[in-house]
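Given chain A's structure and the hints, the job is docking chain B onto it.
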Amino acid sequence: MIKLSTIILTAVALAGKFFAADVAPDFSAANKLYAAGKFSDAAGAYEKILQKGAVSPALLFNYGNAEFKSGHLGNAIAAFRRAELFAPRDSEIRANLAFVRNQVQGATVRQDIWQRWLGSFTLNEWTIFAAMTFWVTFILLVTKQIRPARAAKLKGAIWIFAALTIFSGTIAGVQTAHYFSRQTAVVVSAEATVRSGPFDDAQNAFAVHDGAELSVLDRREDWLQVADGAGKTGWLPAKQVEVLPGA
Amino acid sequence: MELQFAEKFFRRRKSKLKFISLAAVLILAASSLAGAATFTASLDRDTITLGESAMLALAFEGGQSKNIPTPDVSGLQITQTGTSQSVNIVNGAMSSTVTVSFSVTARRTGEFTIPALTADVNGEQLSTEPLKLTVLKADAPDAAAINSGAEIVFLKLSLPEKKIYTGQMLVAQLQICVRDDVRNFGNFQFTGRPADGFTIGKMVQGPNQRAQIGSHVYTVIPLNFSLTAVKSGALSLGPFTANAVYVVPSASEQNGDPFLRQFFSQGEQKQVSLASETLTAESLPLPTENVPADFNGAVGDYELTATGGPTNLAVGDPITVRVQISGHGALDALTLPDQTALRDFKIFPPTAKVESTDQLGLEGRKTFEEIVTPQNTDVHEWPPFSFSFFNPDDGKYHTLTQPAVLLAVHSAGEMVMHTIAAANNSIVENQTPQDILPIKENLGTFGTESVPLIAQPKFLVLQSLPVVALLAAFIWRKRADQLANNPRLRRKIAVEKLIQDGIADLRKFAAENNSEEFFALQYRLLREQLGERLDCPASVITENVVEENSILRGAPKATLDGLRELFQLCNQARYAPVRGSAELNSVVTLFEKSIGGLQEMKK
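Protein chains in written order, with the working numbering: chain A, 4 to 250; chain B, 22 to 624.
Same shape as in the complex, but just chain A:
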């Protein structure tokens, strides 16, 4: 098992290195454009690298910076949030995301303390933690069956790991539910009008600004039903937002 996991990790790391070597010149060129104050060009260059398939927190971070400095708050927030999915404890990503969010005008959905705490670890990290405690619990249970004489000594450890399994499993379950059942729409146009129905002639419900984060409630063809932080709901054309997983 250890050998297999070592091989997989090495393969992933090597694949990442090869990919990094491929895009490193492009990344460096984009950084130079950014340094020269050509933020729109830099954003375009970072976006091209992203379109090649692989992503890194640093690439998304720089892309977010370039979009912010080009005046596109929504694209910047979306990039920082995607970067946060990969590196949830990166203080620089968090700082810039918080900074850009502060510039957003009007209603926007804000994560509560519980959601922020959940988001301290990625869904995969919670899943791996839950799986590890699950495996350890079962290994201890198997040991208890095979070596009944050690049952008394194992009892405490089994309870601790069983509790950890339930705890981490619950968190992973909640995170999974959030990931698959909730979506956030980040407004990426300067101003968007939320309408009362999913059609162009529908009455205006309220306006949202670039960078506003809205909860996605429903989707109908090219329209998304969204709710802002104040509980107002309405429909927005899908092309005016970038949809991200999770709340």
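For lysine to aspartate or glutamate, the following DMTMM-like pairs were computed, each having C-alpha atoms within a straight-line distance of at most 20 Å:
#, chain 1, residue 1, chain 2, residue 2
1, B, Lys479, A, Glu128
2, A, Lys35, B, Glu462
3, A, Lys41, B, Asp365
Which residues of chain A face chain B? A few of them, derived with a C-beta cut under 7 Å, are:
#, residue
4, Ala61
5, Phe64
6, Asn99
7, Asn127
8, Val145
Note that these hints are calculated values from the structure, not bench results.
Glycine included, each C-beta is placed from N, C-alpha and C at the ideal position.
What follows is chain B alone, placed relative to chain A:
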């Protein structure tokens, strides 16, 4: 005994009550059938003031209507409020009346006619007479009535200044004066607050006061509210109109002990429509001379502070500019001066926050926060910031200026050490950053935006392994426990193993033509197997057991014959041990068959 008596008593009373009720219903029905039905409409008064309500009653006497007609009169809002029923006995004649009540509220002044209404009562079409209702404009009581103390409740409106400037904010007051003989005052609701040229802001109730007016003491309830003049010229405020309900002593209460009266008398409740006087003011336009270039309509008396940072930064990095305007005036309406001329900066829309220090929102501060980013390295300062306003107290324009903020703007590639960037990776959680952090130079670890681990079938299947392992361990454990608790089974398994290994050894001895070892082992194996089958120690097994033991009698004949032959061969071998390999192998075959038959035999 006593209980039984009480039970009988109540049973008798119950039957009597039933009889009386039945009689009453019959009499009522008879009287309603006997008399002719009537349908009438009436108003509790024929004149009301705008904002007051009159009560319209539709009475059906001696019958019931299939439908209740609802009058529809333009300018009047007529709403059904309830239904009541009454039974009258006059000189022995009984009549039942159903009354449907409506509330009539006027939307405008004038003469209104409620038309004749028709209803089907007991199959007969009955109509009411038309009713007239006059709605008058609520007027403020005259000064003489107020000063004499004749008005029970009245409104008094006051403006602090008669000459004001357009855009100026001021505080007006409306006083509700309630005479001391009013026991209760409530349900106060404005029905109109007209203001021509003013916008009315927040209204806040002040502490009650007492005032002597004429021969009476009044409780004065002050309502302060903010006003903003929105146009120049003649402005008017009022009349403010309102409805209220108050309770005064009824006429019949004038006699008797006043001490007892306050406990036992409920007084007379009256609804009143109140109106204040109309006030006028003159709004002066703002002077057109000496108007500062950056004046954008702020009227009041203000102070200014402005800060900006960081000052040492790269091109495109944001500077947070905070402008705080504090003082007296229309804070909500304040805006930042036009900054479109600042071409060297990209300016993001500012956020604004108003913090009032008084309840009416006239005093306080408004804080603007905007993010600006220098667009090139030629920028050396954030220019001086100025804010101009017109002060109505001295009738002059004033300009407040904050000095320029010096900036050191570097190329974005020079990686300036920002205040926050210097404290990289040490940003306290939940602390709002003051500046965006610079880009990362290294690509870092690559990943792919793939399906989360928890949704991958391979991962989920892998998680079943510990469960399978535990299941296997559990079964193994159960089996071990079973063996530990069953010595016969344990012996059976051990003997089976012994026989299996023994047959292999027998074949080996046969091949080696070692008849001595061969028969010694065969004899031992026979005893072990028979001992296990007969549940006795192997040491007590002899050839005789085949003939004598009752358990073996149930074994097939071939098995028994085979066992006998094997024992005989073992005995013969003691005396003539030398035999050929082929013969020994045939003995092994016989041994296998006999032992197999023995093992299959049920105990």
